[in-house]
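First to last, the protein sequences are chains A and B. Position in the first sequence (from 1) plus 80 gives the number in the working numbering. Position in the second sequence (from 1) plus 80 gives the number in the working numbering.
Derived from the structure by calculation, the hints contain no laboratory data. Treat the hints with caution; some may be incorrect.
Not everything, but these chain A residues come out facing chain B in the computed CB check (under 7 angstroms) [as the list claims (entries may be wrong)]:
1. D85
2. D89
3. K140
4. V249
5. Q250
6. L326
7. L329
8. E330
9. S340
10. R342
11. A343
12. T352
Using N, Cα and C, we set each Cβ at its ideal position, and we do this for glycine too.
2 protein chains.
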Amino acid sequence: MAFTDWMTDYAGRDWQQSASGTVRYALVGLGWWTTDVALPAIAAAELCETTVVVSSSAEKASRIAGEHGVDYGITYDDYHEGVAADAYDAVYIATPNAFHLEYAETAAQLDKGVLCEKPMEASVERAERIVNVCDDADVPLMVAYRMQTDPAVRRARELVEDGFLGEPVQVYGNNSQPLLEMIPDRNQWRLNPELTGYGASVMDLGIYSINTARYLLRRDPVTVEARMSSPHEAFDAVPDERSSFLAVLEGDVQMVSTASQRAHADTQLKITGTDGQLELRPAFHGQCTLYASKGDVTAEVSHRSFDAVEEMTEEFDYFADRLLSEAIIYPDGEHGLTDLRIIEAIHQAADTETAVGLD
Amino acid sequence: MAFTDWMTDYAGRDWQQSASGTVRYALVGLGWWTTDVALPAIAAAELCETTVVVSSSAEKASRIAGEHGVDYGITYDDYHEGVAADAYDAVYIATPNAFHLEYAETAAQLDKGVLCEKPMEASVERAERIVNVCDDADVPLMVAYRMQTDPAVRRARELVEDGFLGEPVQVYGNNSQPLLEMIPDRNQWRLNPELTGYGASVMDLGIYSINTARYLLRRDPVTVEARMSSPHEAFDAVPDERSSFLAVLEGDVQMVSTASQRAHADTQLKITGTDGQLELRPAFHGQCTLYASKGDVTAEVSHRSFDAVEEMTEEFDYFADRLLSEAIIYPDGEHGLTDLRIIEAIHQAADTETAVGLD
């Protein structure tokens, strides 16, 4: 039966082209995401390993390297000077947004592949410089949209392509979390516009709805309207403790989306079409469950063991596979740049309270 | 335990003030909603009965009256002439939107209470005339927002008042259906702007999200932005086969909402707060299920036997109870008028592609 085949293939890698080979990563930035998620994810991966970790602190770099059996723990200065450059093939940049450019520039100079966390940088202009520097040096650049290697999201995209929705009509995305409960530090970088860029909720949370909708539908926004505000004093420096936007995507698909850094945790992405509906809930932070509905029937498929570490294992292996096979990278620099242009337009639309067009 | 008490009270009528008494309704407009839902709903009710049915066709009026054991089946002309006026105390107006005013005018002349289907009329101006004519004649006027007597919605409102959400942050509403599959008639009145008013999806579907959010939060929109379009030829005469809006409610609560008359059927209303989340899904057409979430815990409460007939039984008994007890009517004419002002502003915002303020 078709459904049984589909279930059997559900969690499989439809993208893998390299049966063997190893890409050696240098991980730049040793926050909790890198230590708790990225390092274990690469340890579990098939096509890559961590050989270098890079931090502002020599002590921390050495300690983390030791704890994880990584060959080199070096400082940012060491990294820029090319220390241990022969020991890695690619870098994973997981620093605050506003530092991505400088690490990408050095990677390009050293002829290393660049896997850059999203959003690419703190502004469109700085993200463009990443694209240019990687282009000029002819090094591969990928933006780490881990939703794009999540099996539930990939299967949802296949269903869209297969016409499951009929004509897509409307999209809803939400990504909310209680940031100050998760990280009870008012000096954290996500609240500092010098480090985060345009703001706190669209850059960090709304980007999931935006990018996953673009990925699933292969359609980009052509116009956006938006509202944002920061009622809580911890968010005084950023405009968007909470944000909402209304976008029209190519082909007249309407999208509404909300994000908040000070709200009950909830993630949902729902695409309604003329003939059916696809929904991810939870949508964005591991353990995606996919709901596919037609008429009165809903199929619910989850990949129960899947979590953020596994998502990142897929991500690191995917980029490794692209490097080993020289296959086309889907979420490339231009793709990531489009997200930043959309985010910039959302902030501009909220500022001006008018619709902002995107080319 | 508090939760057990709460469950026990869940489906109860917190509004009933009259232990006995009977209000006699004349039902004006005999479409499927009146025959399949309203008549059985009143037959099951405690405080009311149907004594008159009114249609354009004398034959249909007599036939429906006979089938349902109703005393009088009369024509619209008969109604305007006061035929059988001694046989009823109140009218229920369930005609196409653009005819509500004329039946309300006659009801007011005849000193009858008016239960008017939503939206109140085809325009703000005509709805204002209903309010004025009822005010001048001093007859009670209620708009038939049946969500407001749905037990799940009333319990959700109590939870909001109890502070369950913390501070409300964001609201999402969707109401979509495949109208042409449900009623395969391209000449139906909902596609005719002369009869429906501003359009097809906000007037008929979006109004549920708008009004239920207003009811639950006791907050009205202060500004709206919107997009709408009618890609399918059956919707050529109306601007909004599909529509989306972004509103800011009083107290800086952001709301996004979508509606479509040509899409997979789905209803959802979700309110996210700083401390919790309340969600209705399905939300609007009977069989509401309420989800209440805090942290990692979600309680799901449904009222499984509840359907549209029971919703309308509550509605008819509620209005009967208001008439018998002379208690305050919550969804009164001003309340319904506010919805029409919001809908008008949504259409204006979509036309002009700019934010429209509401006083």
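Going through the hints against the structure:
1. Residue-level restraint check for A/D85 is violated (minimum Cβ-Cβ distance to chain B is 25 angstroms; threshold 7 angstroms).
2. Given hint, A/D89 at the interface with chain B, is violated; its Cβ is 25 angstroms from that chain's nearest Cβ, farther than 7 angstroms.
3. Taking 7 angstroms as the C-beta contact cut-off toward chain B, the hint placing A/K140 at the interface is violated, the least distance being around 32 angstroms.
4. With a cut of 7 angstroms, the hint placing A/V249 at the interface with chain B holds, because the nearest CB-to-CB distance is about 4 angstroms.
5. A distance limit of 7 angstroms between C-beta atoms decides the matter here; for A/Q250 the minimum to chain B is near 4 angstroms, and the interface restraint holds.
6. Checking A/L326 against chain B by beta carbon gives a least distance of about 4 angstroms; that is within 7 angstroms, so the hint holds.
7. The closest approach between the C-beta of A/L329 and any C-beta of chain B is roughly 11 angstroms, which is over the 7 angstroms cut-off, so the hint fails.
8. Look at A/E330: its Cβ only gets to about 13 angstroms from chain B, farther than 7 angstroms, so that hint breaks.
9. Restraint check, A/S340 versus chain B: the minimum CB separation of about 5 angstroms is within 7 angstroms; hint holds.
10. For A/R342, the suggested interface contact is upheld, since its CB lies about 6 angstroms from the closest CB of chain B, less than 7 angstroms.
11. At about 4 angstroms, the closest approach between the beta carbon of A/A343 and any beta carbon in chain B falls short of 7 angstroms, and the interface hint on this residue holds.
12. The beta carbon of A/T352 is positioned within 7 angstroms of a beta carbon in chain B (closest approach about 5 angstroms), and the interface hint is therefore held.
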